[in-house]
Amino acid sequence: MENYLEVKNLSVSFTVRGGLLLRTIGVVKAINNISFNVKQGEILGVVGESGCGKSTLARLILRLIDANSGSVSVKGKDILKFSNKEMKHQRRDMQMVFQDPYSVMDPRYTIFRSLSEPFQIRKIKHTRAEREKKVNELLAMVGLSPEHGLAYPHELSGGQKQRADIARSLALSPEFLILDEPTAALDVSVQAQVINLLMKLREELDLTFLFISHDLALVSYFCDRVIVMYLGNIVEIISADKVGTHAYHPYTKALVDNIFTITPGEEKPEAVLEGEVPSPFDLPPGCVFASRCAYVKPLCHETAPVLEDNDDGGQMACHYPLSNAKLAN
Amino acid sequence: MSLLKVSNLAVEFTADKKTVKPISDISFTMEPGEVLGVVGETGSGKSLTAHAIMGLTPLVGGKVSGSIEFDGVNLLTLSASEMQKVRGAQISFIPQNPMTSLDPVYRVGDQIVEGLRKHLKLNRWKAKTLALELMEQLRIPNPKRVFEQYPHQLSGGLKQRIVIAIGIGTNPKLLIADEPTTALDVTVQAQIMRLFKELTTEKGIGLMLITHDLGVIAQVCDKIAVLYAGNLVEYGDIREVFKKPKHPYTKALLDCIPYIGMEKGSLAAIEGNVPTATNFPIGCRFAPRCGLVMPKCTESFPDMVELAGGARVACYKYTEETVAG
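In order, the protein sequences belong to chains A and B.
Residue numbers for the first sequence follow our numbering, beginning at 1 and rising by one.
Residue numbers for the second sequence follow our numbering, beginning at 1001 and rising by one.
Wrong hints could be hidden among the right ones.
Claimed, not checked - Simulated crosslink set (DMTMM-like; lysine to aspartate or glutamate; CA at most 20 angstroms straight-line):
#	chain 1	residue 1	chain 2	residue 2
1	B	Lys1264	A	Glu274
2	B	Lys1017	B	Glu1031
3	A	Lys39	A	Glu2
4	A	Lys75	A	Glu6
5	A	Lys39	A	Asp241
6	B	Lys1144	B	Glu1114
7	B	Lys1264	A	Asp206
8	A	Lys200	B	Glu1271
9	B	Lys1264	A	Asp215
10	B	Lys1197	B	Glu1136
11	A	Lys200	A	Asp224
12	A	Lys200	A	Glu42
13	A	Lys134	A	Glu204
14	A	Lys200	B	Asp1255
15	B	Lys1005	B	Asp1222
16	B	Lys1197	A	Glu42
17	B	Lys1021	B	Glu1034
18	B	Lys1197	B	Glu1034
19	B	Lys1197	A	Glu274
20	A	Lys8	A	Asp66
21	A	Lys242	A	Asp224
22	B	Lys1264	A	Asp241
23	B	Lys1244	B	Asp1255
24	B	Lys1173	B	Glu1198
25	B	Lys1121	B	Glu1069
26	A	Lys8	A	Asp206
27	B	Lys1005	B	Glu1031
28	A	Lys200	B	Glu1263
29	B	Lys1317	B	Glu1240
30	B	Lys1063	B	Asp1025
31	B	Lys1264	A	Asp224
32	A	Lys242	B	Glu1034
33	B	Lys1264	A	Glu6
34	B	Lys1264	A	Glu203
To be verified - Here's a subset of chain A near chain B, in silico, CB distances under 8 angstroms, partners left out:
#	residue
35	Phe14
36	Thr15
37	Gly18
38	Gly19
39	Ser157
40	Asp187
I should point out that these hints are in silico values taken from the structure, not numbers from a laboratory.
By construction, the Cβ of each residue, glycine as well, lies at the ideal position given by its N, Cα and C atoms.
Using the sequences provided together with the hints, build the complete structure.
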C-alpha cells in the first residue's frame, strides 16, 4: 500500500514565559522528533493520556500551528513548505472533526447555513438550489434528514451534532480526515452509532483516517494500526489486533491493563501504573516513561531509546521490550 | 435496616403551566458498605436522582414525591436546616467536574478544612491535622505542600482526590459520586476506583456511583441500577446483570461497548435517541428503540417484576413469563 501521509522527525516546542518581564521560564517539547506513515485507505489510531501531544500532532499536520523542524508529506509533497495559497488549496483534501460537537457549530447559524459555508468560501455551487441539493446529500450521507438542516445546533442532540460536524468535514470531498476524539463527549450507544457511521463512510468514500482517542479499546476496535504516545514521543506503533496480546512497550501494556472491562470480578493485574504523567518541562535525559515504568533498569535513566522495528511488524522505543523479554525467559 | 431506601421517587417541574416528570417510580435500597452503580445515557435522570437524595432539587425548582429513607429517617420530611446537618456530614457528594467544583481563589487545604470545621466542630489546628491525614490516606504526594496550593496548580487527578477528601472527611455513611472519573485518564481513573473500593470495604461507607461507563461499574460495584428516560428499568446483582441482562435496554447498552480483540463490524448501536422529558412516549419508554417491541409495550407501562434471584426488571417480556409460569 502506498503512503498517503509521511511524517518525518517532526518536532515542536512551546516557550513558556512568566514573571514581570515575561522571561522564558521553560520550554515544553510538545512533539519530540516524531516519524510515522499513514497508508492510503488506512485508519491509524493515536492514543495516550491527556497532555501527551495527540491534539498538537493533529494541529501540526493541518498546519494550524507551525512545526520547529521535520516534514509532513502528503502524497510525496512536503506541505510544511507550501505557501499560504497552496495550503488553502491543500486543506480541501484534509479535514478535521473535533471533539466537542457543542462548540464546533456557530450557535446562530442553522445547520444548513454552517454546511453551505464551505461552498461559499470556495466559491463553488453558486445557486441556492445547487447548494441545497448538495447539503441535503451530505445530511443524508450521515443519516440526518433535510429537516435537521433547518435546526440550530442547540436543538440537536450530541450525536446528531457530531453527525452534522462529520457532514461539514465531508463537504468538500476530502481524502483524509483527522478525527480528534469524535466520540469522547457522547454516550456509548451514540458512540457506537458514530463509529459505525465512520466505518461506512470510509468504505463508500475511500477515505484515510487519523483517529485520536484516549480509549484504547475503541481504538483497537476501529483502527488498523495504533500509535501510542507518551509525553510528546511515540513509544510504540502496533497493529490493532496485537494490542491486547503482543504489546512490546510497558506503557502500552499498562494502558491495556488499566482498561475496565465489562466482565465483573475479572482478576486484574495489580497497579501497574502509579502516579501521573510528569511535567513536560525539562524532560529527563533517558526514557520519558522511566519514572513510572515497572520494568525500569539503570540504562533507562541514561539514554533515550529510539523507535526501532520489532518482529511483529510494528515499532517500539524501549531498551527492554516486553515480548522479547518473555522470549528470553 | 437498610442504609438507604428510596421508594417511588419522582421529581416534577412546572414551567409555562406545563408539568414534566423527568424521573418517576424509582425504588431501590442500599446496604452499608455496598457499592451501587447507577447507569444510563445522558438524560436518563441519573444526576437528578442524586440531587433529589441530597435534597438539592429545590435549588432548581423541582418538586419531589415518594420517600427517601436514610438511616430510618424520611429525608423528604426534614426541614431545610435539618437537611443541612445531614448533607455533607452523613451524605456526601462528589461532583462530576473537579475542575469547577473547587473554589479557585482558596487554597485547597482550606477547602478541606472548611467542611471539617463546620460538621465535626473542630478547631483550626485539629481540622488541619485531620485534613493532612486524609490527604495522606488518599496518597496525595507531599500533602503539606499541596495543602498550601491553589486548584489551578494541581493536576486533574490530584484535584479529584482533594474533592474526595472533602467528601469523606466528615465520615459520611453514604457517598454519592456523580461521574467522578469522566474527566480523567484511564490510569488515573484506575487509581481513584481502587481508592473508592478501599474506602467502602474498610470504612463501610455506602457508595452510589453514577456513571455512564459500564466498565467502571463492572469492576467496582456490587449492585447495578439501570435508568432509562427517568425510569428504573433493571436492578440487580452486578454479576447476574452483566452475565444475563434481562431488560432489552441493558443488553443493548452492553453490546455497544468495544473491547480489545473485538471482531470488526460487530459493534452494535442503539439507533435513535433518549426521549426528552417533555415528550416521553406512552407505555414503555424504550419501546421506540427496542428490537423486541410488542403491541402492548406502546400502550401501557410495564410494572417492575421481581425475578428469582432478587433481580428486578420492568419489561413485558417478563411479566408475561411470570403470569404464565
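Hints, one by one, checked against the model:
1. Lys1264/B with Glu274/A: This hinted pair is violated, its Cα atoms lying about 33 angstroms apart.
2. Lys1017/B with Glu1031/B: With Cα atoms ~40 angstroms apart, Lys1017/B and Glu1031/B exceed 20 angstroms; violated.
3. Lys39/A with Glu2/A: At roughly 6 angstroms apart (the allowed maximum being 20 angstroms), Glu2/A and Lys39/A satisfy the hint.
4. Lys75/A with Glu6/A: At roughly 8 angstroms apart (the allowed maximum being 20 angstroms), Glu6/A and Lys75/A satisfy the hint.
5. Lys39/A with Asp241/A: 17 angstroms, holds
6. Lys1144/B with Glu1114/B: Since the Cα atoms of Lys1144/B and Glu1114/B sit roughly 17 angstroms apart, the hinted pair holds (cutoff 20 angstroms).
7. Lys1264/B with Asp206/A: 17 angstroms, holds
8. Lys200/A with Glu1271/B: Holds - the C-alpha atoms of Glu1271/B and Lys200/A are around 15 angstroms apart, at most 20 angstroms.
9. Lys1264/B with Asp215/A: Given that 20 angstroms is the threshold and the Cα spacing comes to 16 angstroms, the pair holds.
10. Lys1197/B with Glu1136/B: 17 angstroms, holds
11. Lys200/A with Asp224/A: Between Lys200/A and Asp224/A the Cα gap is close to 15 angstroms, so the pair holds against 20 angstroms.
12. Lys200/A with Glu42/A: 14 angstroms, holds
13. Lys134/A with Glu204/A: 17 angstroms, holds
14. Lys200/A with Asp1255/B: 19 angstroms, holds
15. Lys1005/B with Asp1222/B: Distance ~16 angstroms between Lys1005/B and Asp1222/B Cα, so the pair holds.
16. Lys1197/B with Glu42/A: 41 angstroms, violated
17. Lys1021/B with Glu1034/B: 29 angstroms, violated
18. Lys1197/B with Glu1034/B: Given pair Lys1197/B, Glu1034/B holds - Cα atoms ~10 angstroms apart, limit 20 angstroms.
19. Lys1197/B with Glu274/A: 17 angstroms, holds
20. Lys8/A with Asp66/A: 15 angstroms, holds
21. Lys242/A with Asp224/A: Holds, because 10 angstroms separates the two Cα atoms, which is no more than 20 angstroms.
22. Lys1264/B with Asp241/A: 10 angstroms, holds
23. Lys1244/B with Asp1255/B: 12 angstroms, holds
24. Lys1173/B with Glu1198/B: Given that 20 angstroms is the threshold and the Cα spacing comes to 15 angstroms, the pair holds.
25. Lys1121/B with Glu1069/B: Answer violated: Lys1121/B to Glu1069/B is near 26 angstroms, above 20 angstroms.
26. Lys8/A with Asp206/A: Given pair Lys8/A, Asp206/A is violated - Cα atoms ~25 angstroms apart, limit 20 angstroms.
27. Lys1005/B with Glu1031/B: 9 angstroms, holds
28. Lys200/A with Glu1263/B: 16 angstroms, holds
29. Lys1317/B with Glu1240/B: 18 angstroms, holds
30. Lys1063/B with Asp1025/B: Roughly 14 angstroms separates the two Cα atoms, so the pair holds.
31. Lys1264/B with Asp224/A: At roughly 10 angstroms apart (the allowed maximum being 20 angstroms), Asp224/A and Lys1264/B satisfy the hint.
32. Lys242/A with Glu1034/B: 37 angstroms, violated
33. Lys1264/B with Glu6/A: 26 angstroms, violated
34. Lys1264/B with Glu203/A: Since the Cα atoms of Lys1264/B and Glu203/A sit roughly 13 angstroms apart, the hinted pair holds (cutoff 20 angstroms).
35. Phe14: Violated: closest Cβ of chain B sits about 18 angstroms from Phe14/A, beyond 8 angstroms.
36. Thr15: 20 angstroms, violated
37. Gly18: Because about 13 angstroms separates Gly18/A from the closest Cβ in chain B, which is outside the 8 angstroms limit, the hint is violated.
38. Gly19: 16 angstroms, violated
39. Ser157: Cβ of Ser157/A sits 5 angstroms from chain B, so the hint holds.
40. Asp187: 4 angstroms, holds
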